[in-house]
Amino acid sequence: MLDEKRVRVQTAPPDGRPAHAGDGWSASRIVEVDTGAAEVEETAIVGKPIPRIDGPMKVSGLQQYGADYYVPGMLFVKVVRSPYPHAQVQGIEASDALQLPGVKAVITAADIKGANRHGLAGPNRPALIPIGDNVRYIGDPVAIVVAETVEQAETAAKAVMVDYKQLPAVFDPEDALKHDAPKLNYDRDDNIVSTYNLERGDVEQALAEADAVIEQTYHVPSQDHVQLEPESGIATIDPEGNLTIIAASQDPFYILQMISQALAVPESKIRVKSIASGGSFGVKAHINVQVHLALAALVTKRPVKLVWSREESLLVHPKRHPARIHYKMGARKDGRITVIDVEVLSDSGAYPASSPYVFNVLCGAIPGPYDIPNIRVRGKVVATNNPIKGTFRGYGDPQGFTPTELTLTQMAAKLGIDPVHMRLINGHTPESKPTQHGVHIDHPVMLGETIRQALAVAGPKPEPSRSGLLVGRGMSCVMPTFDVAGGKWGSMAGTAANVEILPEGSAVVRCGVSEIGVGITTVLAQIASEELGVSIQNIQVVFGDSLISPKAGPSVASRQAYTAGNAVREACRLLHKRMKECAARELGVAPEELWTAWGKFVVEKEPSRSLSVPQVAAAMFRTGIDREVHYWFRATHAEYGHLYVTALVDLEVDPETGQIRVLQVVNSHDTGKALNPLNVRGQLIGGGSQALGWVLLEDLKVQNGRLLTPSLTEYLTPTSMDIPDSYKTVIIEAPYPTGPYGAKGVGEHGMDSTPAAILNAIYDAIGVMMTQWPVTSEALWKALRQ
Amino acid sequence: MYDTHTIRLTINGVEEETTVKPYATLLDALRDQLNHIEVKEGCAVGDCGACAVSLNGVTVCSCLVLARQADGAELVTAAGIGKPEKLHPLQEAFMDYGGIQCGFCTPGLILSSKALLDENPHPTRQDIKVALSGNYCRCTGYEQVIEAVLAAAEKMDGQNA
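Residue numbers (my numbering), protein chains in the order written: chain A, 55 to 840; chain B, 231 to 391.
Hints should not be assumed to be uniformly reliable.
No more than 25 angstroms apart at the CA atoms, straight line, and that leaves these computed lysine-lysine pairs for DSS-like [to be verified]:
(1) A:Lys219 x A:Lys237
(2) B:Lys385 x A:Lys102
(3) A:Lys605 x A:Lys654
(4) A:Lys605 x A:Lys631
(5) A:Lys631 x A:Lys542
(6) B:Lys385 x A:Lys212
Keep in mind that the hints were calculated from the coordinates and are not lab data.
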């Protein structure tokens, strides 16, 4: 198979780069693979490593984030939070606080006119806990203080006296299932948030008939996002009562709806601007500062600002769901996996912020990219008084995929089969029926290709750098999904874009995506430039503004390159058609007599007669033709697209100290058309780096609901000293039939593929499978001595 | 309640003056009073490096310096290294090599990289890793940042030759 593939390594700077561009392309070790699966659409600007349009602002520090907004006359907000994991609020006494200098208001649930609730999985989190209700975790908001300065607000927050009656709390999800556990759900008389039950084939018989069975329990940990920008923003209110909230999020339209319902303000009177985000990774899919900002502005009628400290951010925002996964796998002698029987128990924390959805993905991901005839996956996610769990890059996929990859690797060892061969013989075929919700195999299965390319760029397994060290190589294969705006759920269903050509020939793209750092606005500008014949420098992308950029849904689920990409491309194509018709009228020919080059329209039989895009735009203005197109994109073929990723990791272990040095990480990704390979590579490496942190460093310690790693001094994420010696990415351009130019999603997938490859490499090096992580030096040292 | 103090700073070549409380950090003074938003606050306790500035030629976390201690100092921020209309080769390299994603850590990374190249125009990959080890970045995994610094060093070397 490999011999049939053309592997081309691009070394020359491609076209379409600005004059100052260096030779970044050749240095970036991107390997493009032409799979021959179908024709990849040829493009001039799309598909090129164009530097980001927001780059100049970011490298000079002038990009504004929430905390960078300073408005004359603004007040500062501080949130009063629960010090207890579970307690009833019996009273709130604000009179002392109100007498302190500069204090303008102390606001409680009694001041809220609306439903006082928000949440991705239905509005279930109170904006402020009312008197008589219970706080459910350390950090639950009880009141907000508004004052002239930050210091005054902080001082006054400490002076708000809340009368709590402490209640029994529950921290272990198994304890939460007991009949005498304190009840935390609002709408059920137990602590179950949701369940998962999947059964295919005859699991019992398959286990009895298997040549080998492996049984193992994995303790899959939580993780904090540690986005560099702590949550922050401002809100203003005009004399007519129109609210504007300016804060980074992943979906301004969701935030708008939640504020409207929670505070009883009509949606038409709320504007949410989801500005540039200093990192998100899922955390800003949830409401953070916005509802408190809106409330403070409504009550005080003044501009207000709220910036969370890092400690507040770590305490309060929803984190990755941990899971206890009991795994049984049965296989035949020849390496064919015949059965898996898996039980999952996860902890939603105090509120099911997004737990039913994440848990569904986590459990659905468990069979991975493999065709397994007999499957049983049963699971529960339950409420506890621990910090809230929510959405984090992968959305349950890393927790679901990883145990399967670890078990498969051990099974290969037990059967004496090459683990690569075992992955290939069990991999999906075009006839496979994946268990992930809303996914059908509807385009060529690239699993084998990702494996072959990963091995090809990885080279041979390295030798130890000195005697006494142990080298290991690990692989992991996954089948992540990406949303295609085909779902039935309101927010995800459909994505709109508006494209306008201005009379001088420049263009504005309006699309309500959020720029959370991935470079989506650059990709949308590339698409508009490609389709309209307008240079990127003359395109403005207006994003994340609920009032002027149309609804794009959330920037989650690796979806916007596909969904917004399609909406912008189709809007541009309709507008271009209109431009062509105008050009034809101006030139006195029929539109089909025109030939379209980039930036101009040429009479095919008389090439000396042509009109440039600016000339056509001016003619549209002069003759009264609508220069704007609004397009609504919604996929009908599936709810989710899917693709394959193979990660390969080499590492070296020092058995004397337990230290791990990661030598190489390879991610081989079934990208479809890479709309901007610089961005694709960034997502794969960035996701891989977060995976490395999750597996080797990040130890989120919680005891009795209290965070024992409350700051970045205790909670360690990777620094430049922790990264692999070498990072290679392979972009496999097998087009997705309905993707813009054949593109698939990519944002989350390095996080999905890399964890198990690291753990399998440790297993290869030391012969012990680490079933819980992070694998710190201490943990590894102990494992070697057991 | 507290005495305030007037301090003078030269920031990116421009003299500025402001009044600060005794406990105000240099970070607070730069952001809240002098409108230097290119200095970012990621943790306020010296863990993340987002607030890095050059203080009399030494790269420091401005959250760990009291504003009064900096009285009379020469400061350089990322905006002083290059503005959008005239970027420094290092800043251009960050763009060309994908060394930026969300951009929140970028000003600090630019500051630390510039300090490295000023001292060592021909750094190795290891030199760069050490020089950037005080700057957290959660998006890039540092790889493309390191590539950018290597490329900038090469380009600047060519320009100086």
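- Task: Kindly indicate which numbered hints from before are broken by the structure, ordering the numbers from low to high.
- Result: When the structure is compared with the hints, numbers 3, 5 and 6 turn out to be violated.
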